[in-house]
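Residue numbers (the working numbering), protein chains in the order written: chain A, 1 to 439; chain B, 1001 to 1324.
The set of hints was computed from the structure by calculation and includes no laboratory data. Glycine included, every Cβ here is placed at the ideal spot set by N, Cα and C. Hints may be right or wrong, so weigh each one.
The calculated lysine to any residue pairs, modelled on SDA-like cross-linking and capped at a C-alpha distance of 20 Å, are [as the list claims (entries may be wrong)]:
id, chain 1, residue 1, chain 2, residue 2
1, B, 1307, B, 1261
2, A, 272, A, 59
3, B, 1281, A, 217
4, A, 219, B, 1286
5, A, 219, A, 158
6, B, 1321, A, 396
7, B, 1321, A, 400
8, A, 272, A, 158
9, B, 1094, A, 396
10, A, 281, B, 1286
11, A, 273, A, 263
12, B, 1307, A, 324
13, A, 219, B, 1283
14, A, 219, B, 1289
15, B, 1094, A, 69
16, A, 219, B, 1284
17, B, 1123, A, 82
18, B, 1123, A, 109
Over the 12 Å line for every Cβ pair with chain B, so calculated as not near, a few chain A residues [claimed, not checked]:
id, residue
19, 87
20, 166
21, 418
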Amino acid sequence: MSEQKRRNTSSVILREVAESSLDPATGTQDDREETGQSEPLQIQMNWFLRAFSNERWQFISIPLLSILVSLIAISIMLGIMGSNPFNVFITFLQGAGWIMRPVYAGGYGQLSDLSNTLTAFTPMLFAALAVTIAFRGGLFNIGISGQMLISGFLASVIVGYSGLSAFVAKPLVLLIGMAAGAAVGGLIGFLKYRFNINEVVASIMLNYILQYAVSYFIKIHFLDQISRQSRVVSQASMLVLSDTKVGGVYVSIPLCFILALLVAVALQFFLKKTRLGYEIKAVGANRRAAQYSGIRVRRTILVTMMLSGALAGLAGVSYYLGYFNSIEPGALTSLGFDSIATALLGNAHPLGAIASSFLITTLDTGGTYMQSMMGVRQEIAQLVTGMILLFSACSAFFRWRIALSRQKAEMRAREAAASGGPGGCGPEVEVSVQGGDVQ
Amino acid sequence: MSAVNTIIIDGLALALPLLVIAIGGIFSERSGIINLALEGLLGFGAFCGALFAYSCVAFHWFAPDSLAPMYLSFIVAAAGGALFAVIHAMLCVKFRANQVISGVVINILSVAMTGFLTSQINKTVFSGPSSRFDLMTAPRLTVPVLSKIPVLGAVFTRFYPFEVLILILLVVFWFILYRTRFGIHVRAAGDNPQALDAAGIEVSRVRFVAVLISGALAGIGGMCFAYSIFSYFSGAIYLGYGYLAIAALIFGNWKIMPTFAACLLFGFAQSGASQLVLLLKVNSSVGDLAMIVPYALTLILLAFFSKHNRAPRSLGEIYDKSKR
Chain A
1 MSEQKRRNTS SVILREVAES SLDPATGTQD DREETGQSEP LQIQMNWFLR AFSNERWQFI
61 SIPLLSILVS LIAISIMLGI MGSNPFNVFI TFLQGAGWIM RPVYAGGYGQ LSDLSNTLTA
121 FTPMLFAALA VTIAFRGGLF NIGISGQMLI SGFLASVIVG YSGLSAFVAK PLVLLIGMAA
181 GAAVGGLIGF LKYRFNINEV VASIMLNYIL QYAVSYFIKI HFLDQISRQS RVVSQASMLV
241 LSDTKVGGVY VSIPLCFILA LLVAVALQFF LKKTRLGYEI KAVGANRRAA QYSGIRVRRT
301 ILVTMMLSGA LAGLAGVSYY LGYFNSIEPG ALTSLGFDSI ATALLGNAHP LGAIASSFLI
361 TTLDTGGTYM QSMMGVRQEI AQLVTGMILL FSACSAFFRW RIALSRQKAE MRAREAAASG
421 GPGGCGPEVE VSVQGGDVQ
Chain B
1001 MSAVNTIIID GLALALPLLV IAIGGIFSER SGIINLALEG LLGFGAFCGA LFAYSCVAFH
1061 WFAPDSLAPM YLSFIVAAAG GALFAVIHAM LCVKFRANQV ISGVVINILS VAMTGFLTSQ
1121 INKTVFSGPS SRFDLMTAPR LTVPVLSKIP VLGAVFTRFY PFEVLILILL VVFWFILYRT
1181 RFGIHVRAAG DNPQALDAAG IEVSRVRFVA VLISGALAGI GGMCFAYSIF SYFSGAIYLG
1241 YGYLAIAALI FGNWKIMPTF AACLLFGFAQ SGASQLVLLL KVNSSVGDLA MIVPYALTLI
1301 LLAFFSKHNR APRSLGEIYD KSKR
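Looking at chain B on its own, in the form it has when it is part of the complex (with noise of 0.2 Å):
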């Protein structure tokens, strides 16, 4: 397989799933509401997924080699992120806390529940003193004709199952967003709050959903990870993706498809300097010193598309229907 080939298959299996999480996020903070929880979101629904996948397979709900837990856990993940998401969600629209600050308990908080919770899980249910779920790593797919276009074929060679999942969501959340009245409701929230209170719309109950909608999408994001580069859940999941699903929504202007390009230029930007390291048959260090590409090319770029960037209006701002 050719380095090109491997370049974009690996971007890919990053970007999409760094993808996923920054549309969440871009729901939240269209809504209004700062999300740094992300990384927290992602963490607790790929732990709650792991917990479902790992009982499958240890109480034999399913026949040994079928991939129902994987899937389904896909739910559960989803279900779970959006479970700790209504945390952020209470302290948030209904509480009144500092969104900044809500964001950084719940991530504290994740890390430290997921990781009591794995370990005395482990003890009292599996009886094994492990610290993680192990997992298998999802199959990957490959279309027979379409995988042999010349480069482009690589976007259909070796994709994990999910990958298809989040294009799916994709056209789904763009939709929501820029085509439904919900999606109008979500983005006046986050520019006009006033003016949606105006039109009779609940405001808080709109910035609930989207906050809601962060958490669903995060937790299916964190369990993509947990089912590639990890094939386990462990704390080790909390690798800090989250914050760079942030970092490439704020790129992307808080709109979905320039994330989208975000996302795919870091993947690509890391799967290349990784095989990069490897074609030049250098010392496994300096592999550090090729990760940091990456992180570097999105600063330089920043540095020259920041300038026209406007974050939503009232982002941060706790809606007060007496304020003018």
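Chain A extracted, bound-state conformation (with noise of 0.2 Å):
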């Protein structure tokens, strides 16, 4: 019975695939008679294989297939809650400044909502960049939070409160906010390598020690009574420039947004054509290997730590300077370990960060404004974060299914192929297939 369900299936796979060698977009029939067997196999596939089989597309398709169902599931969840899913999208995109809002509050347009969205990109794209480099070196830096703790309040302490003017303040900002990040992910590289301490409890343990640490010497020597927060550093020293008036609207301009894209695609140059980016990958994907094709492994994971770690520095600037003006004592910010998600979500790679930075920080940005519309809590922003991180998570287990589907297709067709002999047209298959079970 099975049996015959199988011919049945393998010749109407068949037929299919001689049909489809009439059509004029594989070639004509002719071509394919004369070429016979060595021709590339027509595979009969879905439109679901056909779209996500190819792999030079996979590093797209597969991120916005995940991005695709968690939104169809936030959709299911909202609709259930009674609240019109395509409008609370909407409201998103509003609140972070892409499309129009219907009413602006005087001095504000869709011009602020934007710049406040590049604003918390620029940490957010930093910060995962950081993620992504430790990444490729096969190290999990989960200590973004404590290096960027650190430089944003050394950066603050040397150049906020001194009355240095913005030409040397804005560049010595961002060098000492490198320097101080290299310094702890270069400590946390330098304990793995000395002292073969995880870096994962490592950077747990300086994450903690940084957060305290700098909060008794905020309360002690720079709290500001009224907001029992540090004190506001100078506008010289700060990397956005705040309420300035553009067009009749206040916009807070992001200095180092542009300096994030370049250092962006910087990255991906560094890890793709340099020698030292080779090597931060070949340790990555295998130490052993690396080691015995004469790599330093050990001095490379340290220089993996410390450019990780200077990234997290300028992420670290870019939101204590930036994003905000002032530091919370004895807080680490979230944006660290929500930078680990940006990461992964941009494939751990340096463009990828980009996309998946404008995603996080328009969910993130929009949440407040979209809350207030919808009265949908806000926090369903960090849901769909996490929904869409949960299906990527997955990607790997997309991939490999898809690669599974693909090599049964190719089967069937091979085995017909086999049984049914070169070209053809329909009735000589359906003849050539019951030949082919009578063996």
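Can you join these two chains into the complex? Each is in its own frame, and there are hints to help.
This is the structure in structure tokens:
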């Protein structure tokens, strides 16, 4: 019975294969007859497989698939809760400044929202790049938050509270941020290199140590008694030009936005085209193989962590001296942990991180407006992020399944072709398949 | 009460919940699954338990001063943690996800979900704008005679009921891991899954169960924090104790008793430091400096002990039958 069934399906597939060879897009029947068996097999795949089995596009198609699936899941949830999911997503975009809101308060416009989003985007991208490079090197930098805090703190203390002019202060802030971050990252790398301390544990411990140490110094020396935060840094040292009037609306111009994009491109170049970048990737892919090929693994680990720390430092200064202008004592920013998610969503790829940072910050900054308009708690933004990540964590599975289905389809086609012999149109194929069954 | 007594009492109250989370982590990691998700699992478990206990009070399921909701909430928390761990297990065992990624994803998802659900449930079910479930603080018990022993008596003084539960779990899970067939399977799944497979045991099933155990134990640990340091459930529960438990278990070389020692060290360092600040009568900001002590101490000790640390051999690897 099942034998019969299989025979039928195989003949159907083969007929379709034969027909598809008549398709002008895949070449004429004559071509096929001339080349005979050496012609690449015509594989029968459904639309889904066809869309996602192209490996060259999987880096983008699979994240898009996970975003789509999670948006559908969230839409269903929103629908059950009684809000129109479409409107919710629109208000997210409006709140983040990608689409015009219907009404604006005086002095504010779409540009204000957009500049806010870009201001939040800048530290997120830096932090995501910090995670990305560590990840490519086979390391997991979970201490981004701590590295951000110490670099933001040192930059505030050294430059932010000094009277330096803007032209000196702003580059100095960036340098101090990078140096402080690289020092902490380097320490984690050193502890791993010298004492074999797992970098995850060392990062977690350093996160706490830095959090409490910075909190102590702020409370003793730099506390603003009213806001219970550190004193506000000088305008000259800020990496954002806040409350600037552009075209009649207030905007805050993130000065590091372009720098962040450039760093992402540079990092991509670094990983792809330079020797050190190659070594980092080699160590990340297989530590032992890298060692046998003559790469100094421990030194590479140290360098990777320093680079990651430096990027986290940039995130720190563009966060504490940009997105904010003071530091809350005793708290680590959740951005350091969210950036791990952002980097993973971007496939641990520097350019992917740009796209995912845009997505995540849009959800973050648009959330407040969405909540005020739709009455849906803004925590849903995080939930959307979580869902997207959940599905993109399965991307290895998707890839594996798609490859498997593709293999099966190929095998079926090959089987059919083998039993059918070369060439021929519909009826002939029917006959030859039946002949094949007799064997 | 003397300072030493307080150090012991507070230290145990921190160390034991940390231990139960770490034991869960040991099960997961000994079976070969990296579990960075402990933080999220303990939060979700505590959320489930707190929701249950809160509803008990709100809907008068039990007598007003009954302790039954508290004890039952630990069971609910364990179930909730295990339920959430199913995601980690599915992702890591079945969906071949990167285990580190999966752990991070679960932490983020847990923070988002519990935050969203807490305020949503408060709004719709309990008609309050609160973003937390208020609980009581667990009662403290003292054993009459034993508590009179000098110094050591502190162990029997003013302890939380869940500390006893955790000590029982410690013995039970130590026995399971080192003295039962299932324990051997778990350890083999992490060290040599091919051998386990050759012996006719399904590796993926062992790993799945181990991850569920880690979820249940993390849920219990989270509930302990909700009933001791917080006396409510809110987003504040994600204080990083899950990560600390991971640090403890790596410090303890993925073995239960050394991990117990690591947790004790950590708890006592923490309570000792805060007692020191009290005794010296210095500015409370110095308390922050004292809080560094346990973490710095751990880092320094790790520098001495990490040389011989050995992770389970196939930790983090997706089990592939065809690989040798």
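Going down the list of hints, with the structure as the test:
1. With a CA separation close to 18 Å, the supplied pair residue 1307 of chain B and residue 1261 of chain B stays within the 20 Å bound.
2. Restraint check for residue 272 of chain A and residue 59 of chain A: satisfied, since their Cα atoms lie roughly 16 Å apart, inside the 20 Å limit.
3. Proposed proximity of residue 1281 of chain B and residue 217 of chain A is supported: the alpha carbons are some 18 Å apart, at most 20 Å.
4. Taking the CA atoms of residue 219 of chain A and residue 1286 of chain B, the gap is near 9 Å; set against the 20 Å cutoff, the hint holds.
5. Pair hint residue 219 of chain A plus residue 158 of chain A holds up; C-alpha atoms about 17 Å apart against a cutoff of 20 Å.
6. The suggested pairing of residue 1321 of chain B with residue 396 of chain A holds, with an alpha-carbon distance near 17 Å, which does not exceed 20 Å.
7. With a C-alpha separation of about 15 Å, the suggested pair residue 1321 of chain B and residue 400 of chain A falls inside the 20 Å cut-off, and the hint holds.
8. Distance hint between residue 272 of chain A and residue 158 of chain A is unfulfilled; the C-alpha atoms sit about 36 Å from each other, more than 20 Å.
9. Between the alpha carbons of residue 1094 of chain B and residue 396 of chain A the distance comes to roughly 11 Å, so the proposed pair stays at or under 20 Å and holds.
10. This hinted pair does not check out: residue 281 of chain A and residue 1286 of chain B have alpha carbons roughly 43 Å apart, beyond 20 Å.
11. Taken as a hint, the residue 273 of chain A and residue 263 of chain A pair is honoured in the structure, with Cα atoms around 15 Å apart against an allowance of 20 Å.
12. For the given pair, residue 1307 of chain B sits about 42 Å from residue 324 of chain A by alpha-carbon distance, which is inconsistent with the 20 Å threshold.
13. At roughly 10 Å between alpha-carbon atoms, residue 219 of chain A and residue 1283 of chain B fall within 20 Å of each other, so this suggested pair holds.
14. This hinted pair checks out: residue 219 of chain A and residue 1289 of chain B have alpha carbons roughly 11 Å apart, not beyond 20 Å.
15. Simply put, residue 1094 of chain B and residue 69 of chain A have alpha-carbon atoms about 19 Å apart, close enough for the 20 Å limit, and the pair holds.
16. Taken as a hint, the residue 219 of chain A and residue 1284 of chain B pair is honoured in the structure, with Cα atoms around 10 Å apart against an allowance of 20 Å.
17. For the proposed pair residue 1123 of chain B and residue 82 of chain A, the alpha carbon gap of about 15 Å is at most 20 Å, so the pair holds.
18. Taken as a hint, the residue 1123 of chain B and residue 109 of chain A pair is broken in the structure, with Cα atoms around 33 Å apart against an allowance of 20 Å.
19. No Cβ of chain B comes within 12 Å of the Cβ of residue 87 of chain A; the nearest lies about 18 Å off, and the non-interface call holds.
20. Distance check on residue 166 of chain A: its Cβ is at least 33 Å (rounded) from any Cβ of chain B, clearing the 12 Å threshold; non-interface status holds.
21. No Cβ of chain B approaches the Cβ of residue 418 of chain A within 12 Å, the least distance being about 25 Å, so the stated non-interface status holds.
Consistency with the previously given hints fails for numbers 8, 10, 12, 18, ordered from lowest to highest.
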